[in-house]
Structures are given as C-alpha cells and as structure tokens.
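Student: Starting from the given sequences, assemble the full structure and let the hints guide the process.
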Amino acid sequence: MTTTEAPAPASGPGPAPSAATDPPAAVRAVRRWGFLLRRLGFYAAAAAAAIVLNFLLPRLMPGDPSSAIVEELQRVSGQQVPPETLESIRAIFGDPDQNLAEQFVGYLGQLARFDLGVSVVNFPVPVSELVLQALPWTLLLVGTTTVLAFVLGTGLGVIAGWKAGSRLDSILTPLTAFLSSVPYFWVALLALWVFGFVLGWFPLSGGYDANLAEGFNLPFLASVMHYGALPAATIVFSAFGGWLLGMRNMTVTTVREDYVLLAQAKGLSRGRVILRYAARNAMLPSFTGFAMALGGVIGGALLTETVFSYPGIGYLLFESLNKRDYPMMQGVFLIVTLATLLANLLADSLYVVLDPRIREQG
Amino acid sequence: MRPSSRGSGLLKGWKVRVGLSVIGFFVLLALLGPWLTSSIPGLDPRANDLTAIGLPPSADHWLGTTQFGQDVLAQTIEGARGSLFVGFLSAVIGTSLAILVGLPAGYFGGRTDSWLNFLSNLFIVMPVLPLILIVAGYMQGTGLWVIALIIGFFGWSGGARTIRAQAMSVSNRDFVLAMRTLGEPHHRLLFHEVLPHLTGWIAAMFLSGVIGGVMAEAGLAFLGISDSGAISWGTMIQAAQQQSAVLRGMWWWFVPPGLCIALVATAATLVNFGVDELANPKLRTVRRSVVRRTRDRANETAVGSDA
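First to last, the protein sequences are chains R and X. Numbering-wise, the first sequence is residues 1 to 362 according to the UniProt record's numbering. Numbering-wise, the second sequence is residues 1 to 307 according to the UniProt record's numbering.
Treat the hints as calculated values from the structure; they're not laboratory data. Worth double-checking, as some hints may not be accurate.
Each pair of labels, with its calculated beta carbon distance range [what the hints assert, rightly or not]:
1) R:S166 with X:R46: 46 to 52 Å
2) X:G24 with R:P136: 44 to 50 Å
3) X:S21 with R:R280: 25 to 31 Å
4) R:A222 with X:L119: 44 to 50 Å
5) X:L119 with R:G267: 34 to 40 Å
6) X:A47 with R:N217: 51 to 57 Å
7) X:R111 with R:L342: 27 to 33 Å
8) R:M225 with X:R17: 45 to 51 Å
9) R:S309 with X:L119: 53 to 59 Å
10) R:F104 with X:F68: 46 to 52 Å
11) X:F68 with R:S166: 46 to 52 Å
12) X:N172 with R:D258: 23 to 29 Å
13) R:Q74 with X:R111: 48 to 54 Å
14) X:R17 with R:A229: 39 to 45 Å
Reference listing, derived: stretches of chain R covered by chain X, where coverage requires no fewer than 3 residues with Cβ under 8 Å from a Cβ of chain X [said to hold, decoys possible]:
15) 40-51
16) 174-181
17) 313-324
Ideal placement from N, C-alpha and C gives every residue a C-beta, glycine not left out.
Tutor: Structure follows, in structure tokens:
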C-alpha cells in the first residue's frame, strides 16, 4: 500500500510541487478520490471472490441440486429415474459431470441475465423473484433498527463517557455489558413468550395480517407496523449496548484531550464542546463499526426473521436450508454477499466525508 | 500505585476477579458435569421419564422437564460441556489463524502485508453467518467437531487485524530492528521476540473467541445446524423452539441455557473490561468519594492562595 503512495518525482509541465506550499488543487483532488478508488478496487475484487466462492462452494461440497432431486424422485417412486427425465433435470439444475470451466462460463452468463436459477421447493418460480420479494422486508426491518440502535447507543454513550464515574455511567455501563452478552435469538424468544404469548400484545409470527391485501393503504401499513414492532424492539434492545460501550470508552479518552480542554477554556457552550469537539472525534471508530453493522444487516436478519417467521431474506435462507433447496441457498447467499459489499462501500464513502484526514492524506 | 507485576495488578480489579470466577465455575461444570449427572440419581440428561413430561420446576426436577420428560437441570449441566467444547476449539482455531495471518503481515510489511491484509479484509466484509450456514448446510450430519472447525475457520479476520497492527508496532521498535540487522533469522525474531509481546492481546482475543464460539454454536443450533445427538446450550434452545416451548409457556426449557450463555459472556466482558482499563488508564473510573475529596482539597488550596 505504501509504495503506491510515495510522491512521484516532479517532471513535465505544471508547477513544481514544493514542500513549503500546499500541494496543487489537482493533487489534492487525486488524493481525495484515491482513497475511494482504492476501496472501489477492493470491493470489486471482493465481489469477484464472492461470485467465485458462490460458484465453487456447491461444487466442492457433497451434494448438488440435480442429484438431490434425482435421489428424491427415486425415493418417492421407488424406481430408477428414466434418462430423459434425468436430462431435463440436469438442463434446469446443472449437470454435475460437466467440465468445471464450461460450468463457470455458463454460470457467469446466467448471472449477467440476473438468472439465479429456479427454486426446487417452489418450482418453477425463479429464485430471483423470491429474493426480490423478500428483500424489502429485511431492508425495512433490520435497516431502520440498525440505524436506530446506532443513534440511541452512540447518544447514550457520549453522555455516559462525558460523565464517566457518575451514577448514570455506573448503572448504564455494566447493564449494557450484560445486555450485549445475551444471545439475540434468546432475547427474541423471551420477548415472544412474554409479549406475544402471555400478554398477547403482539402477533406470534409473520410480517402482516394475511387477511389484508398488500398495498400502500392505511390498514395494511398499520398491520406491518404492528407485526414488526416486536422484532424491531428486540433488535434495538440487544444491539444498542455494543454501540454505547464503544462510544463511552472513546469519549472518556477524547474528553481528556487538550483541544477539548481548550474549547472549554474558550467559554464555548457545553453542548457545542460535547458535540463538535468531543463526540465528533470519538465517533470515528464507532462509525467504522457502523459500516460493518450496515453490512451485517442482511446476515443479521437471519436469526430475527427465523424467530418471528418474518417474510424477509433471512427467513428465505433458513427455509431453503431446511428444505435443502440448493439453487435458493446459492441465490440468497450471493445477493446477501453483494448487498453487504455495497453497504460497506457506501459506509466507506460516508467515512470520507466525516474524517477530513482521509481526504487530505489518502 | 506501587510498581507491581502486571499479573497481580490485573487480579486486583473486581471485574477481572468476578469474571474469572464465573468462567472458572462453568469450566469446572463442563469438566465434572458428566460425572455429576451420572453419580446423582435422577439427573440423567438423556433419560426420558414418561411420567414427568413438560413439568414446571419442582422439588423432583429443580428446573422442570422437557417435552420428552428429560431433566432440564441435567441437560443444562451436560450442555456446558458441549457449548464450551465448541467455544474453546473454535477459539483455538480462530486465534491460531489470526496469528498465522496477522503476525507475518505486520512483521514483514510490503507485499506480504498487502496480500495477507487483502485476505483478512475479504473475510471481514463477507457476511460470515450466512457463509457458515451455507457450508454447514452442505455438510449434512455435522458433529460438534465440524461445527467448531467451521466457526473457527470463518472467525479469525478481526483478530488478524489486531495482531497485524500490534506486530507492526513491535517490529519497528529498536530492539527488533537491531537484532534484524545482526542477522537474526526471521522465524526466531517472529516467535521469540515479537510474539511474546503480543500475549496480552492474544489472550483477550482468545477469550472473546471462546464466547463468540459459544454464541455462534447456539445460533447455528437454533437455525437447525447442529449435532442432533449432542447436548449443548444451543441444541437445548433449538429443541425447545422446535417443540413450540414458547407457545406452550414452557419457559423453564429455554431460559436456563440462554441464561448460562449470557452469564459466561458477561463474565468474559468483565475480564476484557479489566484488561482494557489496565492497558488504557484513562478508562479507569475513579471512585466518586475520591473525586469529591480531591476537589474539596483543591478548593481549599485555591481559597488559601487567594488570601
């Protein structure tokens, strides 16, 4: 990494860069975009790796969709599958005996057409259609709660860190340490039992009242809110503690820096010192974590959606895994991975806005 | 503070002591559990008592029984072994991989670093849980061994980043540079000079790796990836979920194993708190009485100087 950043020797036309003056605007712009370009390169490589992994995993592992279906057919019918049936099955779900390079070319061609194959369980619905149906639910539920948990945890963390050792801090910090140690799905089970079963305040499963037609009308949206409240609350409840702890510790460290003391000595208002001087700098590590959490949104949806049978992408993966729906597993995994990479890239770009040092030094 | 050795300083904090005691208790439970459950009559985790199906906690069964008439207390004790086994094995694998990737990256720098760092960044951005799930899904009929292997194999990347940063800092210190100039072989420097300086980080990483492993096993078991024959806290919760324990109000089935996981994880967090505070004294919160006393004294001297 360091070799590429070494300053190039001055040559050719243009102002010669000197150590005493600021680098010319063009150089600054290159540095500013250099960071993002390098990240872009990394994510492109990561996406390529994910695609190759997605191609290789099912082929390296025992079991493939075609053989699974053939075995299932033989088990059910009790006789050998006729060759024409075998051929048509392999035409749809892939031939395990085909040469690997040929398979890969065919696979890339399919991907280019956003063809993720056909679901075995919901035959003949394309995997891509099922994924696109489930995606908005996950983005809505886990996306909003991730942001909510981040804002809540970071805010409380600043307060706890600013007043380290205070009564608030000494209650909040150990409590959140405990909260973030509790397995998420267990909290969800408890919540389901208490609020869903014992008290009966919330429905036990699903994303909306199945008697209502889907659409942008008030009863349906209200039902979505009602069904989503408990899953959302459990996510926020078990996620905000981690943010609080990280932010608290960073704030404690930042608050004792000289520039914060100077800001206080200048007589700036307390709120301004906390927000503009202490919190902004303390937040940077938390923000890196937030980038990863954003990336983990879809992966993290797995447990939530499984507990509440929520119609998102995590539940789709869970179902396909239980029913050994290989094309579906593959498709969901690829989409989850690519979405994760995209979210990380977006968060990286935001980071450039937040931390000027990256902009200037690259 | 008087100059004391790091170890004894570490044990002075209540957080570390409480944390280590709790972890020690559960390790003991994992080691002695099978002996306990086999030597106490009526405490067999696998025995199906058909006269006691789905009973709430009572004098006979302290934590009640499952839908299959099994004693929940016995299962919780037995589960400690399964869960901690996965936790420790996956932490050993994950920590070893983290060292294997992070140490040379930080020490050699340059092209070695570029490649190794790319590798760990790749594993950091990949969604690990779905990946583990897919791999475990293809490997049908997995045992606790395989689950621990998979968790460890996909769980090293964050640690590698830490090790890399620390190894980089240690490798650039004068004593390492001097020995390098003297022609000391790399493997000697790596394992005898750089690595010992990272023990604290590695220990902390191992501890959180154990907890991560216990949690991951529970999560995977909950999603149906588990060894159906083995008993762990994860498989207990999964069995409860599958038999609709929530809808039947059988809270005593899934509360104890989850509580045990939470206790072990909290204990580990406490230990890590203590270690953090040792490494970063700014985090040490002062006792309020001390603050008040110091402030009063400062005010007194300020008043005194005004006069």
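Student: Examine the region 313-324 of chain R for residues whose CB is less than 8 Å from any CB of chain X, and state whether their number is three or more.
Tutor: holds (count 5)
Student: Kindly confirm whether 53 to 59 Å is satisfied by the beta carbon distance between S309 of chain R and L119 of chain X.
Tutor: violated (37 Å)
Student: Using the beta carbons of G24 of chain X and P136 of chain R, state whether their distance is inside 44 to 50 Å or not.
Tutor: holds (48 Å)
Student: Please test the hint of 27 to 33 Å on the beta carbon pair from R111 of chain X and L342 of chain R.
Tutor: holds (29 Å)
Student: Tell me if chain X covers the region 40-51 of chain R under the three-residue, 8 Å CB rule, please?
Tutor: Check passed, 6 qualifying residues.
Student: Is the hinted range of 39 to 45 Å satisfied by the C-beta distance from R17 of chain X to A229 of chain R?
Tutor: holds (41 Å)
Student: Could one say that the CB atoms of A222 of chain R and L119 of chain X fall in the range 44 to 50 Å?
Tutor: holds (48 Å)
Student: Do L119 of chain X and G267 of chain R keep their Cβ atoms within the hinted range of 34 to 40 Å?
Tutor: violated (51 Å)
Student: Verify the CB-CB distance for N172 of chain X and D258 of chain R against the hinted window 23 to 29 Å.
Tutor: holds (26 Å)
Student: Go ahead and decide if the range 51 to 57 Å is satisfied by the Cβ distance of A47 of chain X to N217 of chain R.
Tutor: Cβ of A47 of chain X to Cβ of N217 of chain R: about 56 Å, so the range 51 to 57 Å holds.
Student: Looking only at beta-carbon atoms, does the pair M225 of chain R, R17 of chain X fall within the given range of 45 to 51 Å?
Tutor: This hint holds: roughly 47 Å between Cβ atoms.
Student: Starting from the hint 46 to 52 Å, judge whether the C-beta atoms of F68 of chain X and S166 of chain R obey it.
Tutor: Because 50 Å falls inside the window, the suggested range holds.
Figure legend: structure checked against the earlier numbered hints; hints not met, in rising order: 3, 5, 9.
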